[in-house]
Amino acid sequence: MQSFTTLTSKIIPLPNNDVDTDQIIPARYLKVTDKVGLAEGLFAGWRYLADGSPDPEFPINQERYQNAQILLTGDNFGCGSSREHAPWAMAGWGIRAVISTSFADIFRNNALKNGLLPIVVDDATHTSLFDLTEEVPLAAVDIDLASQTVSLPSGEKVFFEIDPFSKTCLIGGVDQLGYLLKQEDKIAAFEAARD
Amino acid sequence: MNQTIKPRTLFEKIWDSHLVHEEPGSPSVLYIDLHLVHEVTSPQAFSGLRAKGLQVRRTDRTVATMDHSTPTKELSLNIVDAMGARQLRQLQANCKDFGIHLYDLDDPLRGIVHIMGPELGLTQPGLTIVCGDSHTSTHGAFGALAFGIGTSEVEHVLATQSLLQYRPKTMRVDFEGELQPGVTAKDMILALIAKIGVGGGTGYVLEYAGSAVRNLSMEARMTLCNMSIEAGARAGMIAPDETTFEYLAGRQHAPQGADWDAAVERWRQLPSDPGAHYDAVITLDVSQLAPMVTYGTNPGMGVEIDQLVPTPAAQSDPARRAALEKALAYMDLEPGKSLHGHPVDVVFIGSCTNSRISDLRAAAALIKGHKVAEGVRLLVVPGSESIRRQAEAEGLDIIFRQAGGDWRFAGCSMCIAMNGDQLSPGQYAVSTSNRNFEGRQGAGGRTFLASPLTAAASAIAGKVTDPREYMIG
Ligand code: SF4
Chain A
0 MQSFTTLTSK IIPLPNNDVD TDQIIPARYL KVTDKVGLAE GLFAGWRYLA
50 DGSPDPEFPI NQERYQNAQI LLTGDNFGCG SSREHAPWAM AGWGIRAVIS
100 TSFADIFRNN ALKNGLLPIV VDDATHTSLF DLTEEVPLAA VDIDLASQTV
150 SLPSGEKVFF EIDPFSKTCL IGGVDQLGYL LKQEDKIAAF EAARD
Chain B
0 MNQTIKPRTL FEKIWDSHLV HEEPGSPSVL YIDLHLVHEV TSPQAFSGLR
50 AKGLQVRRTD RTVATMDHST PTKELSLNIV DAMGARQLRQ LQANCKDFGI
100 HLYDLDDPLR GIVHIMGPEL GLTQPGLTIV CGDSHTSTHG AFGALAFGIG
150 TSEVEHVLAT QSLLQYRPKT MRVDFEGELQ PGVTAKDMIL ALIAKIGVGG
200 GTGYVLEYAG SAVRNLSMEA RMTLCNMSIE AGARAGMIAP DETTFEYLAG
250 RQHAPQGADW DAAVERWRQL PSDPGAHYDA VITLDVSQLA PMVTYGTNPG
300 MGVEIDQLVP TPAAQSDPAR RAALEKALAY MDLEPGKSLH GHPVDVVFIG
350 SCTNSRISDL RAAAALIKGH KVAEGVRLLV VPGSESIRRQ AEAEGLDIIF
400 RQAGGDWRFA GCSMCIAMNG DQLSPGQYAV STSNRNFEGR QGAGGRTFLA
450 SPLTAAASAI AGKVTDPREY MIG
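In the order they appear, the protein sequences are chains A and B. Last residue of the first sequence: 194 in numbering that gives the first Met the number 0, with the numbers rising by one and none dropped. Last residue of the second sequence: 472 in numbering that gives the first Met the number 0, with the numbers rising by one and none dropped.
Nothing false has been slipped in among the hints.
Straight-line distance between alpha carbons at most 27 angstroms, and here's what the computed DSSO-like set of lysine-lysine pairs gives:
no., chain 1, residue 1, chain 2, residue 2
1, B, K336, B, K462
2, B, K194, B, K462
3, B, K370, B, K462
4, B, K72, B, K370
5, A, K166, B, K51
6, A, K34, A, K166
7, B, K325, B, K194
8, B, K168, A, K185
9, B, K462, B, K325
10, A, K166, B, K168
11, A, K34, B, K95
12, B, K51, A, K34
13, A, K181, B, K51
14, A, K185, B, K51
15, A, K181, A, K166
16, B, K367, B, K72
17, A, K185, B, K12
18, A, K9, A, K34
Note that these hints are calculated values from the structure, not bench results.
Next up, chain B with everything else stripped away, as it sits in the complex (with noise of 0.2 angstroms):
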């Protein structure tokens, strides 16, 4: 390495390869090199080109998919609601219109956007990436600079495959320890955020290190990045390893042959220099965590399983306890009381957070035997086709069956309600999905955020349950 070169982070190399163009006064220009569409935020930017007379410049570097209010019981437009089929076919007249590859809702390839990307190899160490969506910060854990852009920005990028973007803060976050049995990378993220608040990362792109994210699955990996946006960090980031080259080896868009050789070359250059700089560094010691669960009305409301909901009154800041207090009456929760124990209508395993195969084969290795308990609704939702064709190839959708859950088609489904699947006002859902708002799941619906262990061992028991009570032994 040339020692006169400053040490960079990934983040920094990434960005600075990515560079068209920087003047004094404006943002920087920077070049995107994968854009994910989908049919809720994409319409007014298409409508846009059209008015302005625009095409599409890079279809080659542009990948649609319908997600989020698409049918999991079947897959036909005919069972959508009349405003949703219309997005749906809107979608469909856009990408034909200008000449997208769209994952129509009957090919075998479609899936949840950001399950999609990294499935089928499109995600990649090093690129930049964006989506019409926040999770988009899925996909940084292959070392890619991924992020959420609004619908303007979205027409930006069609029109140009550039964005006008200002230098984002670096912080890393280092998880150290190994993770207890029962302990996933849904738990350290929540944790994480239980501990920044959703406000403790913006202005920032997260990089996970430490030994606690290298001995992390690639899936699990996902799930981790994935909840970046829950921090309020646009972007989450893991330097690529074995693991990340393993998992992209052989993938329909990855590099091939000698290319393939070649582009790890490349990639193993990613990582972070020694004595690169952060503009922030925090460390957490997982090593002892215990599984996470939320109890609130946004995703740093959590606690560890076994410890007590907040009370009001013990806080100091009137605006914190002000917030508490409307959490908990929004959840009809009583404060100083665990929720362990706290009984649920239904459990959704699903979302672009948990719905990968680990997820599912986790959560049907922990239900295989049990019953869902009497009164709960089980929500089972692949986050692609593939996975569902997977998961059945496996069995596990007769693991799900025969306890009582429901198996359906990949979809966002119960994560974001559009599509039908939904909370009735006052029910209580364990949720491996990302968000515990007010109403996401469905209004009125209120939802305790877990990893798919604690919703699988939830659902059998009936209430909110630690998982390590069925994995004794």
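Excised from the complex, chain A in its bound form (with noise of 0.2 angstroms):
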């Protein structure tokens, strides 16, 4: 996995609320045996035009987002399936911080897998980070992930939460099965004790 320690950068505004899977990435996208090749399937329903060309209005279709990796949207971001598929793109397509007032469950463990860090803020902070990308459309933010904290141009720091144990695999960059493996000895006493 990618570590993630610090990240500036501008932010790109999706403001729907409930974005679902199936939104970050059509079933039709899912017959890959791999990871790669994903990004172009991101948002494929809003993105393209009915001819298949890219519509110049959607937010990661714009020049000036061509490098942005965070990404501020609505509630409950994520809901639906849980398809992994759905942070690979993300993360293919230059995507590595997403900042919402909530996220759906699988979805955040999906991308804490990944190196895709979900940032969790208050409707205060949601509102003035949506209300930047208006007024500054290209002001850039620092994320510190071990200090937790998002600081915005103002000079504002905003504190994040994250458990421990992800913030430790994200900056490490380590796959969170190492640590399973090394409790080999005791699923195999739990096993004996009841198989």
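Could you fit the two chains together into a complex? Lean on the hints.
Okay, structure coming up:
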């Protein structure tokens, strides 16, 4: 897994609430057997016009966001299907952090295993970040995982929660499976006691 | 019962008995009893095992099926598109290489993963069950803790038979009252999601209780638990009771003989203790509930069939107003009007929500003697091959066919539209599946979620129709 320590980036605004994983990546892109090449399916239902050409209005198609790495979005991002193709497609496109007021449980779990940081902020911060993307579209914010803060251009620092385990894994770029494999003796003992 | 032990919920009892290890600062290590695998969310997990030189720890606790992109017209990989076929062949190879039992395309017991588990008796009370699929919540109907996971977690379970999990919160949902004729478990769950919203259950495991739940058959309970994820809850559960035991008795993988008696004795200890604590409790009176239908692009956007589609201007919250506007634009629906009578192009009866034999019987009973309306396509896809054979033995296929419907082999089909069964852009469907997300049933397609009865009535009438109109007398 790619490690996550700090990130400075512009913010791509996607104000929709309840963005489901079918929108993040539609099912027709799920026939792959690897994780590559999914970026072209990212938001495919919203990103392309009927003739298949990119919709110039849709944020990730806009020139100014081409190297942006932070997505700012509405409540309950990533609801619906458990497809890990959603964070794969986002990471494949270049997104490293998503900011919202809430995330669906499975999406959050999947994101954390792919070096994609889900950041929950309160309503006031959420609104002020959207205001920022309107007023100063190219303003960058700094994310520092070690101190769990997002620094705004105003100088304000916003603290966010993350569980210590996921934080350690993200900073170290460590696959969580490693921890589970180290519990082998305990798993074996558990099985021996009940099988 | 030992008086010093604090009363526990069904969820807590299962959680506690599956804890392998806990340490401060880390998630719990939770043991998984049953791991279900399908073609779409597993290939990268198997690749991960290969890259790390790992084996599947418990092939005896792992079962695979193919369901998402399988054809329903004939059971042959030759008619699957090249990428879909490659993915299905990859599953065959992975199961062979790692020693996992696969219910292959031609297996007479194959079906949608969440239909098969219960049908084969693999799903049992008290178990922890996972699958790389969010509708794993279905299995909670038996009093199991069952939830969907991502592909990284599929790899974790394949390698260690365990998962890293934080303890979720619990919410009890009491459905009280007796359902009116024509109103089903599908309507109950759509009503709950309309009430609490698609994020209302996030972070919770739901336990469904109350008189209306006790009165549901096992198949109806599965419908209820199936859509827990549509409320944002990873799991939904129902305490096991005589209905559960009766359903399981004699099934292929259920305990037999003396083992059965011992199992039932154990299972009787599972229901929540009196006084057990829930983080939230809500109650729905369903005695006056009408059939539900969704009008929007998430499962929370639903109303009783005679109610009006809400008006964006009446929404005070700007984000909700915007969401409603966007949804109605996609659906091309007028606010403030009833959906009742809205023309439909396609009716889909199928999916892990509503493709069990009782669903098909109910739909067939309503359709019998009628014709599908001119210009409407009815697609009926049983949830498993066993259900298909049972339905054919009862002549249900004939009823659907004589009405002008299409009767298929088992699979996910138009629920996810990966196998070619899909809506054309702009088409309206009444669907017994679980998701009305934009493009879910085919790019540009528009979905009204409803029960099998409502779907059947709508197929005959050619428009969204209250099934009770066909059920008088
Ligand atoms: S029927 Fe639909 S919801 Fe159920 S497992 Fe298949 S694709 Fe998923």
